[in-house]
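FYI, the numbering for the sequence shown is 7 to 348, going by my numbering.
Be careful, since some hints might not be right.
[Stated by the list, open to error] Under the rule of at most 20 Å between Cα atoms (straight-line distance), these lysine to aspartate or glutamate pairs were calculated in the EDC-like manner: (1) K95 - D149; (2) K126 - E155; (3) K315 - D236; (4) K89 - E57; (5) K132 - D62; (6) K89 - E36; (7) K112 - E83.
[Said to hold, decoys possible] What follows is a list of derived Cβ distance ranges for each label pair: (8) R222 - E109: 22 to 32 Å; (9) F184 - H289: 21 to 31 Å; (10) K87 - G281: 15 to 25 Å; (11) S229 - W270: 15 to 25 Å; (12) R34 - Y303: 43 to 53 Å; (13) T43 - R227: 19 to 29 Å; (14) S229 - S317: 21 to 31 Å; (15) F184 - S271: 14 to 24 Å; (16) G281 - T71: 43 to 53 Å; (17) R32 - E54: 20 to 30 Å; (18) L90 - R235: 35 to 45 Å; (19) T319 - W270: 16 to 26 Å; (20) S177 - R73: 29 to 39 Å; (21) T71 - D149: 18 to 28 Å.
Quick caveat, the hints were computed from the structure, so don't treat them as lab data. Cβ coordinates follow ideal geometry from the N, Cα and C atoms, glycine included.
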Amino acid sequence: MVGLLVLRGAATPKSIGSKSAAEKYRRRIEGQLASGTYKSPSKMTWQEFREQYERDVLSKRAPGTKREAINAFTHFERLIKPKLLTSIKTSTIDRFSSLRITEDSKRNKGHSISPATVNKELRQLKAALRKARRWGYIATAPDFDFLREPEKLIEFIDTDQFTRLYEACESMKRPRDFRFTPAQWWRGVLCVGFLTGWRIGEILSLAWEDVDFEARTAITRWSNNKGRRDGIVDLHPVVVDHLRCLVGFHQLVFPWPHHKRTLWSDFEQLKRVAGVNFSGAFHRLRYGFATLNQGMYELKVLQSMMRHKSSQTTQRYMNIETQVKRTAQNLFVPDVLKSASS
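Construct the entire structure; sequences and hints are all you get.
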């Protein structure tokens with residue numbers, strides 16, 4: 007459908023498509039004109055769009071998501087130097103990913119940026135440009151071709167590593183000045199993470215008012231979890247016993263009055279004392295929860311327990327090699343082979 011849009015006194019022909027799409031477009035433009043936020047699509051700059059996107063969209067996102075988006079935009083601007091929003095095409099996105107993948111990793115010295123890192127940034131750019139299309143600033147959003155990521159075995163904390171970490175908790179010096187010992191605090195965190203699959207942010211935000219010892223349940227609040235929804239979790243008796251040791255006058259179950267960065271440095275110290283070696287920190291407890299319980303529950307149940315929106319996300323937390331090893335023990339073996347083996 008072709009119509010005339012009268013913008014700032016000038017009649018501009020605009021091809022929209024179906025009549026319903028044209029009406030929707032017209033209402034959106036009229037709303038922008040009424041609020042004073044309208045910007046001619048051909049003149050909207052990337053910087054102007056970014057400022058509006060950060061103000062109207064990212065301000066409502068979780069801090070981690072906001073940080074990832076801003077980081078992606080910064081790299082995009084550094085490598086592409088975009089001017090007009092309409093100048094960003096599919097070829098622009100391809101150029102960005104081809105340049106970004108060749109850069110050195112700051113975290114892993116001597117290695118290039120991983121495809122997973124580039125894909126994370128591409129997802130943020132894709133979300134932003136789709137919003138630009140919905141706002142009427144661009145006619146169509148660019149296509150995104152994500153990089154293929156190597157299918158590595160999932161690293162997780164297994165039972166042996168957990169035992170070593172648990173025993174090494176006696177060496178910890180923080181948090182201090184509470185009625186419980188640092189060892190009790192760390193053992194509680196390890197226990198909750200390993201037996202509930204909670205993220206470390208959920209664990210540290212757990213309040214005593216959300217713990218019910220009689221019902222053996224705990225509530226993770228929407229304001230403290232990535233899924234942005236309340237969730238009630240049944241607690242194993244072992245978890246309850248560890249929580250009872252921490253009861254005190256503080257509002258939080260796991261208070262950490264020190265700088266947040268020290269939590270991760272202390273975990274690295276715990277790993278060294280325990281003599282375990284794996285990448286990452288607390289999130290490996292969550293991977294361990296998914297991997298070691300994958301044979302105990304159906305996928306949908308495990309997905310619900312981990313509060314994932316998609317079962318595919320839950321599957322990415324599972325080390326399939328562990329399941330294969332379990333399955334190998336149950337393979338059918340002919341009697342002749344059993345005799346030969348014996």
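Each hint, compared with the structure:
{"no.": "1", "hint": "K95 - D149", "in the structure": "holds (8 Å)"}
{"no.": "2", "hint": "K126 - E155", "in the structure": "holds (11 Å)"}
{"no.": "3", "hint": "K315 - D236", "in the structure": "holds (14 Å)"}
{"no.": "4", "hint": "K89 - E57", "in the structure": "holds (14 Å)"}
{"no.": "5", "hint": "K132 - D62", "in the structure": "holds (17 Å)"}
{"no.": "6", "hint": "K89 - E36", "in the structure": "violated (26 Å)"}
{"no.": "7", "hint": "K112 - E83", "in the structure": "holds (19 Å)"}
{"no.": "8", "hint": "R222 - E109: 22 to 32 Å", "in the structure": "violated (49 Å)"}
{"no.": "9", "hint": "F184 - H289: 21 to 31 Å", "in the structure": "holds (25 Å)"}
{"no.": "10", "hint": "K87 - G281: 15 to 25 Å", "in the structure": "violated (49 Å)"}
{"no.": "11", "hint": "S229 - W270: 15 to 25 Å", "in the structure": "holds (22 Å)"}
{"no.": "12", "hint": "R34 - Y303: 43 to 53 Å", "in the structure": "holds (45 Å)"}
{"no.": "13", "hint": "T43 - R227: 19 to 29 Å", "in the structure": "violated (34 Å)"}
{"no.": "14", "hint": "S229 - S317: 21 to 31 Å", "in the structure": "holds (25 Å)"}
{"no.": "15", "hint": "F184 - S271: 14 to 24 Å", "in the structure": "holds (20 Å)"}
{"no.": "16", "hint": "G281 - T71: 43 to 53 Å", "in the structure": "violated (36 Å)"}
{"no.": "17", "hint": "R32 - E54: 20 to 30 Å", "in the structure": "holds (23 Å)"}
{"no.": "18", "hint": "L90 - R235: 35 to 45 Å", "in the structure": "holds (39 Å)"}
{"no.": "19", "hint": "T319 - W270: 16 to 26 Å", "in the structure": "holds (24 Å)"}
{"no.": "20", "hint": "S177 - R73: 29 to 39 Å", "in the structure": "holds (32 Å)"}
{"no.": "21", "hint": "T71 - D149: 18 to 28 Å", "in the structure": "holds (23 Å)"}
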